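Protein sequences, first through last, are from chains H and Z.
Going by this note's numbering, 47 is the number at position 47 of the first sequence; the sequence numbering is gapless.
Going by this note's numbering, 60 is the number at position 60 of the second sequence; the sequence numbering is gapless.
Since the hints were derived computationally from the structure, they do not count as laboratory data.
Nothing here was measured: the structure is a model prediction, and the numbers come from that model.
Don't be surprised by glycine CBs; every beta carbon is placed ideally from N, CA and C.
Mixed in with the good hints, there may be bad ones.
[Stated by the list, open to error] Calculated lysine-lysine pairs in the DSSO-like style (CA-CA distance at most 30 Å, straight line):
hint	chain 1	residue 1	chain 2	residue 2
1	H	Lys45	Z	Lys73
2	Z	Lys13	H	Lys42
3	Z	Lys77	Z	Lys13
4	Z	Lys77	H	Lys42
5	Z	Lys5	Z	Lys73
6	H	Lys42	H	Lys103
7	Z	Lys77	Z	Lys5
8	Z	Lys5	Z	Lys45
9	Z	Lys73	H	Lys42
10	Z	Lys66	Z	Lys45
11	Z	Lys73	Z	Lys13
12	H	Lys107	H	Lys42
13	H	Lys42	Z	Lys66
14	H	Lys107	Z	Lys45
15	H	Lys45	Z	Lys77
16	H	Lys39	H	Lys103
17	Z	Lys45	H	Lys45
18	H	Lys103	Z	Lys77
19	H	Lys42	Z	Lys5
20	Z	Lys5	H	Lys39
21	Z	Lys13	Z	Lys45
22	H	Lys103	Z	Lys45
23	Z	Lys5	H	Lys103
24	Z	Lys45	H	Lys39
25	Z	Lys45	Z	Lys73
26	Z	Lys66	Z	Lys5
27	H	Lys107	H	Lys45
28	Z	Lys66	Z	Lys77
29	H	Lys107	H	Lys39
30	Z	Lys5	H	Lys45
31	H	Lys45	Z	Lys66
32	H	Lys103	H	Lys45
[Claimed, not checked] Selected chain Z positions facing chain H (Cβ under 10 Å, derived; list incomplete):
hint	residue
33	Ile39
34	Lys45
35	Ala46
36	Pro63
37	Tyr96
38	Ala98
39	Gln101
40	Tyr108
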Amino acid sequence: DIQMTQSPSSLSASVGDRVTITCRASQSISSYLNWYQQKPGKAPKLLIFAASSLQSGVPSRFSGSGSVTDFTLTISSLQPEDFATYYCQQSYSTPGTFGQGTKVEIK
Amino acid sequence: QITLKESGPTLVKPTQTLTLTCTFSGFSLSTSGVGVGWIRQPPGKALEWLALIYWNDDQRYSPSLKSRLTITKDTSKNQVVLTMTNMDPVDTATYYCARRQLTGTGTYYFDYWGQGTLVTVSS
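Using the sequences plus the hints, can you model the full thing?
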C-alpha cells in the first residue's frame, strides 16, 4: 500500500490566518491526490481533486499544489467554518489510502 | 440531486458477517467511469479505504481485508452491497459509501458521500 503522511497532525490558527497542510506519499503518485474536509459527525467533503483542481462550489480560498510525492493544501484566509479535519487521499493505486488527518483548531 | 445512504445493522457480534447496503439516487452505476466505494472510520481515527465497484462490475479491495470483503451491485435497484465476514471489535467504525467519479486524466475522487452508519462489534 502507498502510505500517506500528513503534517502537522493538528494546528491552532486564528480567523484570517493563512494555513498550509502538507501530505507526502511513500512513492510517486503523479497528481493523483485529493483533499477532503470533515467536520465532527459529518461525512467527508471533497475540496480538491487531481492535486490542484477545485471542486465545484468550494470557496476559492482553498487551493492545492504539488506532484509526485509532495503536496500542499492551502487555506488563504481561514474562516470560522473551516475549523475541521482535513484528509489527503491518493487515487493512484488500490487501495486509495488516506492520510491520518490534520485537525485545524481555533487559537 | 445525487444522494447515497447506508443501511444495515448497528450492532453485530464477533465472528458474525456484516452486510451493508448503499442505496443511491441521481446517477447510474451503468454509466462508464462511475463507481461506488466503501470507506470506514473507527471512532476518533482516520478514514480507511475498503472496496470499490465499477460500472463494468470490476471490483477492487483493500489487500489487508480482501479475504473478508465482497462488494456487489444491483444496477436495477441502484444499490451496492458490502459484506464483511468474521467481524471483530476492531471493525467498530462508521461505514460510508461514496460515489467514485473518474476524471479525463484517469484519476478519480469520491465526490458524493452517504451520511455514514455506525457499526459496533460487541458480544
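Hints, one by one, checked against the model:
1. Taking the CA atoms of Lys45 of chain H and Lys73 of chain Z, the gap is about 24 Å. The hint holds against a cut of 30 Å.
2. For the hint linking Lys13 of chain Z to Lys42 of chain H, the alpha-carbon distance of about 26 Å falls within 30 Å, and the restraint holds.
3. For the hint linking Lys77 of chain Z to Lys13 of chain Z, the alpha-carbon distance of about 29 Å falls within 30 Å, and the restraint holds.
4. Taken as a hint, the Lys77 of chain Z and Lys42 of chain H pair is honoured in the structure, with Cα atoms around 26 Å apart against an allowance of 30 Å.
5. Under the criterion of a C-alpha separation no larger than 30 Å, the hint pairing Lys5 of chain Z with Lys73 of chain Z is consistent with the structure, at around 14 Å.
6. Only pairs whose Cα atoms come within 30 Å are accepted, and Lys42 of chain H paired with Lys103 of chain H is accepted, the gap being roughly 14 Å.
7. Simply put, Lys77 of chain Z and Lys5 of chain Z have alpha-carbon atoms about 13 Å apart, close enough for the 30 Å limit, and the pair holds.
8. Restraint check: the Cα-Cα separation between Lys5 of chain Z and Lys45 of chain Z comes to about 22 Å, which is no more than 30 Å; the hinted pair holds.
9. At roughly 25 Å between alpha-carbon atoms, Lys73 of chain Z and Lys42 of chain H fall within 30 Å of each other, so this suggested pair holds.
10. Our distance criterion of 30 Å between C-alpha atoms is met by Lys66 of chain Z and Lys45 of chain Z, whose separation comes to about 21 Å.
11. Note on Lys73 of chain Z and Lys13 of chain Z: the hinted pairing holds, with a Cα-Cα distance of about 25 Å set against a maximum of 30 Å.
12. Restraint check: the Cα-Cα separation between Lys107 of chain H and Lys42 of chain H comes to about 23 Å, which is no more than 30 Å; the hinted pair holds.
13. Of the supplied pair hints, the one linking Lys42 of chain H and Lys66 of chain Z holds, its CA atoms being roughly 27 Å apart against a limit of 30 Å.
14. Proximity of Lys107 of chain H to Lys45 of chain Z is assessed by CA-CA distance (about 22 Å); at most 30 Å being required, the pair is judged to hold.
15. The hinted pair formed by Lys45 of chain H and Lys77 of chain Z meets the criterion: a straight-line CA distance of about 26 Å does not exceed 30 Å.
16. Taking the CA atoms of Lys39 of chain H and Lys103 of chain H, the gap is near 10 Å; set against the 30 Å cutoff, the hint holds.
17. For a cut-off of 30 Å, the pair hint linking Lys45 of chain Z to Lys45 of chain H stands: about 17 Å separates their Cα positions.
18. The hinted pair formed by Lys103 of chain H and Lys77 of chain Z fails the criterion: a straight-line CA distance of about 38 Å is larger than 30 Å.
19. Distance check on the hinted pair: Lys42 of chain H and Lys5 of chain Z sit about 13 Å apart at the alpha-carbon level, within 30 Å; holds.
20. Between Lys5 of chain Z and Lys39 of chain H the CA atoms are separated by roughly 18 Å; this keeps the pair inside 30 Å, and the hint holds.
21. As the CA atoms of Lys13 of chain Z and Lys45 of chain Z are separated by approximately 22 Å, the hinted pair is consistent with the 30 Å bound.
22. Proximity of Lys103 of chain H to Lys45 of chain Z is assessed by CA-CA distance (about 11 Å); at most 30 Å being required, the pair is judged to hold.
23. The straight-line distance between the Cα atoms of Lys5 of chain Z and Lys103 of chain H is roughly 26 Å, inside the 30 Å bound, and the hint therefore holds.
24. For the hint pairing Lys45 of chain Z with Lys39 of chain H, the CA-to-CA distance comes to about 13 Å; that is within 30 Å, so the pair holds.
25. Taken as a hint, the Lys45 of chain Z and Lys73 of chain Z pair is honoured in the structure, with Cα atoms around 28 Å apart against an allowance of 30 Å.
26. As the CA atoms of Lys66 of chain Z and Lys5 of chain Z are separated by approximately 23 Å, the hinted pair is consistent with the 30 Å bound.
27. The suggested pairing of Lys107 of chain H with Lys45 of chain H holds, with an alpha-carbon distance near 23 Å, which does not exceed 30 Å.
28. Under the criterion of a C-alpha separation no larger than 30 Å, the hint pairing Lys66 of chain Z with Lys77 of chain Z is consistent with the structure, at around 25 Å.
29. At roughly 17 Å between alpha-carbon atoms, Lys107 of chain H and Lys39 of chain H fall within 30 Å of each other, so this suggested pair holds.
30. Proposed proximity of Lys5 of chain Z and Lys45 of chain H is supported: the alpha carbons are some 15 Å apart, at most 30 Å.
31. Proximity of Lys45 of chain H to Lys66 of chain Z is assessed by CA-CA distance (about 26 Å); at most 30 Å being required, the pair is judged to hold.
32. A hinted pair counts as satisfied when its Cα atoms are at most 30 Å apart, and Lys103 of chain H with Lys45 of chain H qualifies at roughly 15 Å.
33. The criterion of a C-beta within 10 Å of any C-beta in chain H is met by Ile39 of chain Z, whose closest approach is roughly 8 Å, and the hint holds.
34. Interface hint status for Lys45 of chain Z: upheld, as the beta-carbon distance to the closest one in chain H is roughly 8 Å, under 10 Å.
35. The beta carbon of Ala46 of chain Z comes within 5 Å of a beta carbon in chain H, closer than 10 Å, and the hint placing it at the interface holds.
36. With a cut of 10 Å, the hint placing Pro63 of chain Z at the interface with chain H holds, because the nearest CB-to-CB distance is about 7 Å.
37. The beta carbon of Tyr96 of chain Z is positioned within 10 Å of a beta carbon in chain H (closest approach about 6 Å), and the interface hint is therefore held.
38. Hint status for Ala98 of chain Z: holds, given a least beta-carbon distance of 8 Å to chain H, under 10 Å.
39. Checking Gln101 of chain Z against chain H: minimum C-beta separation of about 8 Å stays under 10 Å; hint holds.
40. Nearest Cβ of chain H to the Cβ of Tyr108 of chain Z: about 5 Å, under the 10 Å cut. The hint holds.
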